[in-house]
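Student: Sequence:
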Amino acid sequence: MLNKISIRSQNLKCLRLKGTNFNTITPQNFQIPESLVELSVVAHGKNLLYKSFIFPQNLQILNFHHKLRRIPKVPSKLKNLHIVYDPLKATQSDFAGLPTSLEVLTLKVSTNVKRYMLIPDVSHLVNLKKLYFSSVEFKDCNVESINLDNFPKLLTDLYVNGCRVQKVIGNFTDFPNLKALSLDNNNLNDWLSPLPNEFSFSDTIESISLRGNKLDNDTVRTLVSYLKDTYPNFRQLFVDTTNLSRDMHYLVMERYLVSYRTMHPVLDEPIF
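In terms of our numbering, the sequence shown opens at residue -13 and continues consecutively.
Bear in mind the hints are in silico, worked out from the structure with no lab data behind them.
The beta-carbon is built from N, C-alpha and C at its ideal position, and this holds for glycine as well.
Be aware that one or more of the hints could be misleading.
Unchecked claim - Only pairs whose alpha carbons sit at most 30 Å apart, straight line, appear in this in silico DSSO-like list of lysine-lysine:
(1) K94 to K165
(2) K115 to K53
(3) K200 to K139
(4) K115 to K139
(5) K139 to K153
(6) K65 to K(-10)
(7) K165 to K115
(8) K153 to K200
(9) K59 to K116
(10) K4 to K(-10)
(11) K65 to K116
(12) K214 to K200
(13) K75 to K139
(14) K200 to K115
Said to hold, decoys possible - Estimated spans, in silico, between C-beta atoms of each pair:
(15) K75 to V23: 25 to 31 Å
(16) S62 to D204: 45 to 51 Å
(17) S79 to Q17: 27 to 33 Å
(18) S231 to K75: 43 to 49 Å
(19) P162 to Y212: 16 to 22 Å
Starting from the given sequences, assemble the full structure and let the hints guide the process.
Tutor: This is the structure:
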């Protein structure tokens, strides 16, 4: 397996590495061109980025598809960041250091986080359009609430999946451009029944996914009726239920309601 790399090129723009075995990334074992615009690393196990390691300053896309022990310091021009990290090591100050140039941010937790889960405040990312936050081992999570004030208001896509969130604090109408919302694999049935005032949106909303929330028929019926009658651009509500009553079958036929019979994995990429 690859555990050292040294590439010298003045013109290389994109570098994608798979099957690597870097336990640590240092300026000595990870030498990459300053010309890079995109870097993707798929590696095994945990990884430690030394503070002395500096990414190419023109980098705009950075994907780390393996667990980092800390949130890295990334270039000020970065637009797209995808990282898997250890939530027991991450602090709010780590996220506060992310650059305001970011437009797409994917944060994935892949550790047993029964003891601790931080849904970070990234409200300073004023240019962020798409935020994907997910916990893979969601069975061990139990987050009482998420505060919408922690998210930038120009989002078009917001995913908070697999955290077993019980309620949402704030109002989705504060997001005037929101088109796609995913709250899969949480515990929102009690919060959504009866329909809370906070579950309101701007007219831009198109698709909402609530899979894995154990929604009962009455809640699903109320939700889909409210969404399709209230929001002119609304197209689909994604749920996972095996017991849809007959009066809702026409909603499935018209694709307003998409029902899955089996639990699907937590997603950190768009399904809409």
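Student: All hints are to be evaluated individually against the structure, with a verdict given for each.
Tutor: Each hint, compared with the structure:
This hinted pair checks out: K94 and K165 have alpha carbons roughly 21 Å apart, not beyond 30 Å. As the CA atoms of K115 and K53 are separated by approximately 24 Å, the hinted pair is consistent with the 30 Å bound. At roughly 29 Å between alpha-carbon atoms, K200 and K139 fall within 30 Å of each other, so this suggested pair holds. Annotation: proposed proximity of K115 to K139 holds, straight-line Cα distance about 9 Å (limit 30 Å).
For the given pair, K139 sits about 19 Å from K153 by alpha-carbon distance, which is consistent with the 30 Å threshold. About 27 Å separates the Cα atoms of K65 and K(-10), which keeps this hinted pair within 30 Å; it holds. At roughly 10 Å between alpha-carbon atoms, K165 and K115 fall within 30 Å of each other, so this suggested pair holds. Restraint check: the Cα-Cα separation between K153 and K200 comes to about 14 Å, which is no more than 30 Å; the hinted pair holds.
Between the alpha carbons of K59 and K116 the distance comes to roughly 20 Å, so the proposed pair stays at or under 30 Å and holds. The suggested pairing of K4 with K(-10) holds, with an alpha-carbon distance near 13 Å, which does not exceed 30 Å. For the suggested pair K65 and K116, the alpha carbons sit about 11 Å apart, so the restraint of at most 30 Å is met. Restraint check for K214 and K200: satisfied, since their Cα atoms lie roughly 21 Å apart, inside the 30 Å limit.
For the hint pairing K75 with K139, the CA-to-CA distance comes to about 27 Å; that is within 30 Å, so the pair holds. At roughly 29 Å between alpha-carbon atoms, K200 and K115 fall within 30 Å of each other, so this suggested pair holds. Against the hinted window of 25 to 31 Å, the Cβ-Cβ separation of K75 and V23 comes to about 29 Å, which satisfies the hint. Between S62 and D204 the CB atoms are about 50 Å apart, so this pair conforms to the stated range of 45 to 51 Å.
For the hinted restraint 27 to 33 Å between S79 and Q17, the CB-CB distance of approximately 29 Å keeps it satisfied. In this structure the supplied range 43 to 49 Å holds for S231 paired with K75, their Cβ-Cβ distance being about 47 Å. A C-beta distance of roughly 20 Å is found between P162 and Y212, which places it inside the suggested range of 16 to 22 Å.
In summary, the structure agrees with every hint in the numbered list given earlier.
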